[in-house]
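Here are the chains, one letter per residue:
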Amino acid sequence: MTTVVPHAGTRLVDRFERGLDAPICLTWELTYACNLACVHCLSSSGRRDPRELTTAECRALIDEFERMQIFYVNIGGGEPTIRSDFWDLVDYATEHHVGVKFSTNGSRITEDVAARLATSDYVDVQISLDGATAEVNDAVRGDGSFATAVTAMERLAAAGFAGFKLSVVVTRHNVGQLDAFKAIADRYGAQLRLTRLRPSGRGADVWDDLHPTAGQQRQLYDWLVLRGEEVLTGDSFFHLAAYGDALPGLNLCGAGRVVCLVDPVGDVYACPFAIHDEFLAGNVRDAGGFTSVWRESDLFLELREPQSAGACSSCGHFDACRGGCMAAKFFTGLPLDGPDPECVLGHGEHALDARGDADTPRPSPDHSSRPRKVAVALTARVGTPDRRPDRSCDEHPLAGFTTDSATATGSAPAGR
Amino acid sequence: MPPADPPSTAAPFDPARAYALHPQVALRPESFGALAYHFGTRRLSFLKSRTLLAVVESLAHQPSGLAACRAAGVAPEEQGDYEQALATLARSGMICERVA
Chain A
162 MTTVVPHAGT
172 RLVDRFERGL
182 DAPICLTWEL
192 TYACNLACVH
202 CLSSSGRRDP
212 RELTTAECRA
222 LIDEFERMQI
232 FYVNIGGGEP
242 TIRSDFWDLV
252 DYATEHHVGV
262 KFSTNGSRIT
272 EDVAARLATS
282 DYVDVQISLD
292 GATAEVNDAV
302 RGDGSFATAV
312 TAMERLAAAG
322 FAGFKLSVVV
332 TRHNVGQLDA
342 FKAIADRYGA
352 QLRLTRLRPS
362 GRGADVWDDL
372 HPTAGQQRQL
382 YDWLVLRGEE
392 VLTGDSFFHL
402 AAYGDALPGL
412 NLCGAGRVVC
422 LVDPVGDVYA
432 CPFAIHDEFL
442 AGNVRDAGGF
452 TSVWRESDLF
462 LELREPQSAG
472 ACSSCGHFDA
482 CRGGCMAAKF
492 FTGLPLDGPD
502 PECVLGHGEH
512 ALDARGDADT
522 PRPSPDHSSR
532 PRKVAVALTA
542 RVGTPDRRPD
552 RSCDEHPLAG
562 FTTDSATATG
572 SAPAGR
Chain B
63 MPPADPPSTA
73 APFDPARAYA
83 LHPQVALRPE
93 SFGALAYHFG
103 TRRLSFLKSR
113 TLLAVVESLA
123 HQPSGLAACR
133 AAGVAPEEQG
143 DYEQALATLA
153 RSGMICERVA
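So the sequences go chain by chain: A and B.
Residue numbering for the first sequence follows my numbering, beginning at 162 and increasing consecutively.
Residue numbering for the second sequence follows my numbering, beginning at 63 and increasing consecutively.
Here chain A stands alone, though its shape is the one from the complex:
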């Protein structure tokens, strides 16, 4: 064990919780437009917002990211490739030393696009798939979406793009398919990435029905422990650390401290799972731009202060799970200084029961193309009383980071 750390006793995670001058990475939703209407969409996407950043504004923002030395951005949406200037912006970012990883449903990954992506060192791709079979996937992501994603993976593999990401939101219906997902990833030379279902956006409407049961959470944890760094998680399951060993990753809530979200209209939120006025720090169009929002907004400065463990302070596992996900608590109507709704010790369930039928915060804004509350065909309700949804983090921008406090350096795949 090396001790090159001059500030003995100060863990890196503690430094990160006090915030950095610039995010380590951030999520940038480029558009609210989407050709799909996934029932659990974090950003309630569907229709483009007329106020979305222009190409010039996007470029100026990339310039700012470069000045702040933000190494890479996780681009999403909506379906980001729908923007006509998408490829121009990707090129602009990489030319300005801002790496790009973008999430897509695969619908625009043509053979030409795949060939082009395969030649870039600075662009990574994440294909979303939420079932290892069409039946399970399409119930959540829509008819034909399984076939679309598979076609995109076939094209990327055929073009020689090794190591792209296959990104799966773990649900009650696909948690039994983890080995099958791994096999799909292996077949196409991709890396599997599993993330947590959040009650954010439209996810609020389906969380009760789709979030893994307590038994499934344990099954997931055991599976992840066996896979180690082979499977990415975007740091999104840090609430499971209370089972025992922490999973690879930073295991902290980086919201407003080392990560954030920029939405299509330039609003800056603490994290991708917290699109709500409560977590809105400012807008990149404000005087001072993104830099000022990041460094000076009241919200972010407050998040960098020591947080109360509240009801969790007497729990012996608090150091491991750190109270779980802020957004999950918020959108399930639980206090932010109490247990995560999916607390592995069951404290979250008790808190939800105690909360009763009180109204939970509604996601804002909503760009859904259709009225909300889409029935999930596969849902088999486990006999719980009707309960409002909870939200948690899914696409944590720090997916995959690990630190090894035993050495002078810590490292991990930065692919979230």
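In short, the hints are calculated from the structure, not lab data.
Check the hints yourself; a few may be wrong.
[As the list claims (entries may be wrong)] Here are some, though not all, of the chain A residues that point toward chain B, as calculated from beta-carbon distances under 8 Å:
hint : residue
1    : L173
2    : E178
3    : I185
4    : Q230
5    : F232
6    : H258
7    : Y283
8    : A341
9    : K343
10   : I345
[Stated by the list, open to error] Quick look at which bits of chain B chain A covers, simulated, 3 or more residues with Cβ under 8 Å:
hint : segment
11   : 81–94
12   : 105–115
Glycine is no exception: its CB is placed at the ideal position from the N, C-alpha and C atoms.
Using the hints provided, position chain B relative to the given structure of chain A.
What follows is chain B alone, placed relative to chain A:
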């Protein structure tokens, strides 16, 4: 389009040889040390002290890893720790050997 895993075939770190930051690695100084990001492997590393950052930055101008540690003011009794840190960085491809 990077390999999914960092290179592991490189020869073990040897403090007597000359090294440099990998050309695809960017360093961002931080109060605790620095962040290092490898655009090829997409891995992020944390350099947990400013001295380690100074060592890494001086690698390219020094004839050996050992000389880089000396130039950055690493005390002899800390030399082993810093060599281990450099070995970790070499294993993950953050620094690589160069012709002296």
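Hinted contact A/I345 with chain B - closest CB pair below 8 Å:
violated (15 Å)
With a cut-off of 8 Å, does the beta carbon of A/H258 approach a beta carbon of chain B closely enough for the hint to hold?
holds (7 Å)
Interface hint for A/E178, Cβ within 8 Å of any Cβ on chain B
Violated. Min distance 12 Å.
Should the hint that A/K343 touches chain B count as held when the rule is a Cβ pair under 8 Å?
Violated: closest Cβ of chain B sits about 13 Å from A/K343, beyond 8 Å.
Can you take a look at whether the segment 105–115 of chain B is actually covered by chain A? Rule is 3+ residues, C-beta closer than 8 Å.
n = 10 at 8 Å, threshold three: holds.
Does A/Y283 hold up as a contact with chain B if the rule is Cβ-Cβ below 8 Å?
holds (6 Å)
Taking 8 Å as the limit, does the beta-carbon of A/L173 come near enough to a beta-carbon in chain B?
holds (6 Å)
Return the status of the interface hint for A/I185: holds when the least beta-carbon distance to chain B is below 8 Å, violated otherwise.
holds (6 Å)
Against chain B, run the beta carbon of A/F232 and see if the smallest gap drops under 8 Å.
At about 4 Å, which falls below the 8 Å cut-off, the nearest Cβ of chain B leaves the hint on A/F232 intact, so it holds.
Can you verify the interface hint for A/A341: is its Cβ closer than 8 Å to any Cβ in chain B?
violated (20 Å)
According to a criterion of three or more residues whose C-beta lies within less than 8 Å of a C-beta of chain A, is the segment 81–94 of chain B covered?
holds (count 6)
Does the closest beta carbon of chain B sit nearer than 8 Å to the beta carbon of A/Q230?
holds (4 Å)
Hint violations for this structure: numbers 2, 8, 9 and 10, all remaining hints satisfied.
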